[in-house]
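Colleague: Here is how the chains run, residue by residue.
There are 2 protein chains.
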Amino acid sequence: HAGSGQSVARSHSTDPSRMIDTLLRRAEELGVSVEFGIRAVQLLVEAEAVVGVLCEISGALVEVRAASVVLATGGFSRNLELLERFVPHMANAIHGGAVGSEGDGLLMGWKAGADFRDTPYVKGTFGIYPGDDPREGGTGILAVYKGAVAVNFSGRRFVDESLPYKALGDACLAQEGHLAWQVFDQQTMDRDDPDVHIYWFSGRLATGLLETADTLEELADKIGVPADELIRTVEGYNAAVRGEHLDAFGRRTLSGTEELPTELSRPPFYAHLSGSSVLATYCGLTVDPETRVLDVYGEPIPGLFAAGEVTGGFHGNGYVTGTSVGKSGIFGRLAGLAACAYASDAAHV
Amino acid sequence: HAGSGQSVARSHSTDPSRMIDTLLRRAEELGVSVEFGIRAVQLLVEAEAVVGVLCEISGALVEVRAASVVLATGGFSRNLELLERFVPHMANAIHGGAVGSEGDGLLMGWKAGADFRDTPYVKGTFGIYPGDDPREGGTGILAVYKGAVAVNFSGRRFVDESLPYKALGDACLAQEGHLAWQVFDQQTMDRDDPDVHIYWFSGRLATGLLETADTLEELADKIGVPADELIRTVEGYNAAVRGEHLDAFGRRTLSGTEELPTELSRPPFYAHLSGSSVLATYCGLTVDPETRVLDVYGEPIPGLFAAGEVTGGFHGNGYVTGTSVGKSGIFGRLAGLAACAYASDAAHV
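Taken in order, these protein sequences are the chains called Y and G. Here the first sequence stands for residues 6 to 354, where the numbers follow my numbering. Here the second sequence stands for residues 6 to 354, where the numbers follow my numbering.
I should point out that these hints are in silico values taken from the structure, not numbers from a laboratory. Be careful, since some hints might not be right.
No copy is singled out in the list; a pair is fine if it fits within one copy or between any two copies.
Said to hold, decoys possible - Only pairs whose alpha carbons sit at most 25 Å apart, straight line, appear in this in silico SDA-like list of lysine to any residue:
id	residue 1	residue 2
1	116	86
2	116	69
3	227	212
4	116	50
5	332	22
6	332	33
7	116	126
8	227	33
9	116	89
10	116	84
11	227	124
In isolation and in its complexed conformation, chain Y is listed as follows (with noise of 0.2 Å):
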């Protein structure tokens, strides 16, 4: 499909917990061996060089000694004084990485004298239903490309819908309770994909995520925002879809297509409640073409490799969609050949 500023079909849907299991396996094919439950602690350093970690096992702290050693612990969108630190409207964000996003790798790299980049271009996507709800799979929904307009808590829109969905998470933080609604009709409803799970609102309908009603003015009392000026939005935007104005906020497309928006017209109509959800953070550790880890004066620090969300200098300000699977499975296999170069070569060890 047409992923999110994309003018053409580029994007292929993918599950990402099926690409691991699948990395799993091969791994475990060619004899590697995976430990879970111990927690790197700090890198051990000697006579500048990374010569492996210390670990934190049953409680007790134990160095692990290795000729290379590659970061590849995430980002740290779980970690609220670091995205505070360097994008202060994201504490109002809703905090929606994985688990251990702590940030952990980036801390060893910076104390080992790491060099770091694009710490300003931290954004949250656009969709997600706040508030820890068991029934947001992680992923929102994104009905704005497919006819919904987006309102704020007065009813009134407050962004071009057709925008890439982390310019509508920074638009949307800027709202009263850094929330919005995505409101649209069954004409929206009907353009539904159970396979693309941004785009399946009927499992949203089912899961009861959506309020829904016969007409716009029972819809705005449903979700509390008044009624007069929702009506006032939707005709405004309906009346710019028929070409009577240019629409208020710009908007000439469904998404980053030619698609072109439609009315919101006939019932029922929908509302999903929707906030902005830091899923990863797009910045980090500053590497070169070969994953080698540069300090701040550009040169390697030997023995130190990392991938993945970790590193910086990969994504810029525009993210695209779909680039962090694509990051992490090119560098880390990358990084994999470059350490293992690394800890081969006798001079080292």
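Take the given structure of chain Y and dock chain G to it, following the hints.
Modeller: The following block gives chain G in isolation, referenced to the frame of chain Y:
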């Protein structure tokens, strides 16, 4: 006088170069030797303790050993790469900080594993004449706090001019060309104060930095903004001053004081081209109350102290006018005392 954001007069205007001369003279009296023309390249670190500085003296690298080191290298307002890394829109600011503000000390600290904070809070000061003009002494003028309006190249206001000058700096950076005109009349010129750089309007007139005209229309032509827009802007502003409606940007006072805005009505009229200049960077290394530099795990880095602009955690989001000088003076003294006490402690030598 009442500085930006102060509800009563709390500011004493000072001449920082005279202050430095006084301190330097006193240091010489005490037998302190100050060496110029020596570049600190990197910290010397042994067994995780700082034991001196690698220096460049007449082109040769020399290890200068010391029982303790105080980083007092200032900020990085002249280091465009670091500025853009933390606050991307500062690429469009004027870079008017002290020559040599390249962030050297920050890099030295990071290389040693130091923690840091407040990187999102780098701001530009509004009111600086752009283009490295020798007539711009570095402080700019803030005629807005004495009655001017700020208009962009379209002749429109864009901000409540009574806000702190750092907030005005951000607002100005968002305008076309990242510049604005401070437009005022003779009433504001009469509030001229040659003792306070930012209010010394007659000085700017004398050096030719002000455009002047007998009518707003003529002034608009001189500064190249649409005359009809500028006239409409001033008429709307004046009507709000007379209480006929609320000000379009919520302005209620001249600055943070209770002094009320006045109409722009008495010719001649004046205009000062104004940009936002990064004069200092307000973020940096994490120190404890004894000015010891802390690593990313909150532990002091033995032998390393820091004071002044190279440290973070002091100004927060809202810079208060004058606090750079106070921060340097007070914490500089504390750092000197702490570094001496550390060096005197036999355990470290």
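Colleague: Against each hint, give a clear statement of whether it holds in the structure.
Modeller: Tested hints:
{"no.": "1", "hint": "116 <-> 86", "in the structure": "both (17 Å within a copy, 22 Å between copies)"}
{"no.": "2", "hint": "116 <-> 69", "in the structure": "both (18 Å within a copy, 24 Å between copies)"}
{"no.": "3", "hint": "227 <-> 212", "in the structure": "within (17 Å within a copy, 65 Å between copies)"}
{"no.": "4", "hint": "116 <-> 50", "in the structure": "both (10 Å within a copy, 13 Å between copies)"}
{"no.": "5", "hint": "332 <-> 22", "in the structure": "within (16 Å within a copy, 51 Å between copies)"}
{"no.": "6", "hint": "332 <-> 33", "in the structure": "within (23 Å within a copy, 57 Å between copies)"}
{"no.": "7", "hint": "116 <-> 126", "in the structure": "both (22 Å within a copy, 23 Å between copies)"}
{"no.": "8", "hint": "227 <-> 33", "in the structure": "neither (53 Å within a copy, 76 Å between copies)"}
{"no.": "9", "hint": "116 <-> 89", "in the structure": "both (20 Å within a copy, 23 Å between copies)"}
{"no.": "10", "hint": "116 <-> 84", "in the structure": "both (17 Å within a copy, 23 Å between copies)"}
{"no.": "11", "hint": "227 <-> 124", "in the structure": "neither (40 Å within a copy, 43 Å between copies)"}
When each numbered hint is compared with the structure, violations occur for hints 8 and 11.
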